Amino acid sequence: MPFSSAPSTKPSSDGDLLRIIESEIKYAEETDDHDRVEEIPDNFPFEISDEKGSNAITLTRTYQGQKIEVLVSMPSLVTGDEPDHENEADKDTHEISDHDEEEETQKPPKSSIPLTVTISKEEGQTLEFTCTAYPDEIVIDTLSVVQPSKDEEDIPYEGPDFNDLDENLQRAFHKYLELRGITPMATNFLHEYMINKDSREYLLWLRKLKDFVRH
15 MPFSSAPSTK PSSDGDLLRI IESEIKYAEE TDDHDRVEEI PDNFPFEISD EKGSNAITLT
75 RTYQGQKIEV LVSMPSLVTG DEPDHENEAD KDTHEISDHD EEEETQKPPK SSIPLTVTIS
135 KEEGQTLEFT CTAYPDEIVI DTLSVVQPSK DEEDIPYEGP DFNDLDENLQ RAFHKYLELR
195 GITPMATNFL HEYMINKDSR EYLLWLRKLK DFVRH
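Position one of the sequence shown corresponds to residue 15 (the working numbering), numbered consecutively onward.
Keep in mind that the hints are not guaranteed to be accurate.
[As the list claims (entries may be wrong)] For lysine to aspartate or glutamate, the following EDC-like pairs were computed, each having C-alpha atoms within a straight-line distance of at most 16 Å:
id : residue 1 : residue 2
1  : Lys222    : Glu38
2  : Lys124    : Asp150
3  : Lys224    : Glu61
4  : Lys40     : Asp225
5  : Lys222    : Glu36
6  : Lys81     : Glu151
7  : Lys40     : Glu215
8  : Lys224    : Glu83
9  : Lys81     : Glu136
10 : Lys224    : Glu36
11 : Lys66     : Glu192
12 : Lys66     : Asp212
13 : Lys189    : Asp225
14 : Lys224    : Asp30
15 : Lys222    : Asp28
16 : Lys222    : Glu43
17 : Lys124    : Glu206
18 : Lys135    : Glu83
19 : Lys81     : Glu137
20 : Lys81     : Asp56
21 : Lys124    : Glu83
22 : Lys224    : Glu43
23 : Lys189    : Glu151
24 : Lys81     : Glu206
Hints in this document: simulated from the structure, not taken from any laboratory. Nothing here was measured: the structure is a model prediction, and the numbers come from that model.
Could you put together the complete structure from these sequences and hints?
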């Protein structure tokens, strides 16, 4: 049987999918603040590089001869609407003490953004921090020292867990980052910026889906 070059008819499921995508696009356009342009604070020390289609932005600046680069990823949002399935599962397997319940009450989950802060010197030495920025609070998760190495097989010692460091040293590193612009004021602005970027990127993604399904 000869191959037919006539255009094939799209399955009806494609039409259903296209209608659902178009409905979602319309909803996103009406409800999300995707056209908002964030006003950068006057004392924000970084230059922002934000590419469409990317799930992160890059901040850059120099400070006392050091090159500082911050990779800011999409936020982890907590709306308070979702049930805590993990806690429900825990209750089925073991009893939670009054002390644990009190801690759960005192420490509700908070939205956050992940940061990777790289501080480089001209000689090639680099400090790399991974941080989690909550509203008005920045937590340093890890800290590593990167030395330029000619041997690619070398596995560098990255240091102990940050929380195992002496408390005075932990506070000193928080101050070290603060002087270089990693402050709660800056990260609170970035939190709002990334929420809006998330809305824009989601809408762009939906439109790309629509183009693919339609053609």
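>> Hint check: Lys189 vs Asp225, CA-CA at most 16 Å. Holds or violated?
In response: 49 Å, violated
> Given the hinted pair Lys224 and Glu61, is their alpha-carbon gap at most 16 Å?
Replying inline: Judged against 16 Å, a Cα distance of about 34 Å means the pair is violated.
> Going straight from one Cα to the other, do Lys189 and Glu151 come out at no more than 16 Å?
Replying inline: 13 Å, holds
>> Need the status of pair Lys66, Asp212: alpha-carbon distance at most 16 Å?
In response: Holds: Lys66 and Asp212 sit about 11 Å apart, inside 16 Å.
> Holds or violated: Lys222 with Glu43, Cα cutoff 16 Å?
Replying inline: The hint holds at about 15 Å.
>> Against the 16 Å threshold, does the CA-CA distance of Lys124 and Glu83 hold or violate the hint?
In response: 25 Å, violated
>> Between the alpha carbons of Lys81 and Glu151, is the straight-line distance 16 Å or under?
In response: 24 Å, violated
>> Against the 16 Å threshold, does the CA-CA distance of Lys40 and Glu215 hold or violate the hint?
In response: 15 Å, holds
>> Hint check: Lys135 vs Glu83, CA-CA at most 16 Å. Holds or violated?
In response: Holds, because 12 Å separates the two Cα atoms, which is no more than 16 Å.
>> Lys124 and Asp150 were given as a pair; does the straight-line alpha-carbon distance stay at or below 16 Å?
In response: With Cα atoms ~11 Å apart, Lys124 and Asp150 stay inside 16 Å; holds.
> If you draw a straight line from the CA of Lys224 to the CA of Glu43, is it 16 Å or shorter?
Replying inline: 14 Å, holds
> Holds or violated: Lys224 with Glu36, Cα cutoff 16 Å?
Replying inline: With a Cα-Cα distance of about 7 Å, the restraint between Lys224 and Glu36 holds, given a limit of 16 Å.
Consistency with the previously given hints fails for numbers 3, 6, 8, 11, 13, 20, 21 and 24, ordered from lowest to highest.
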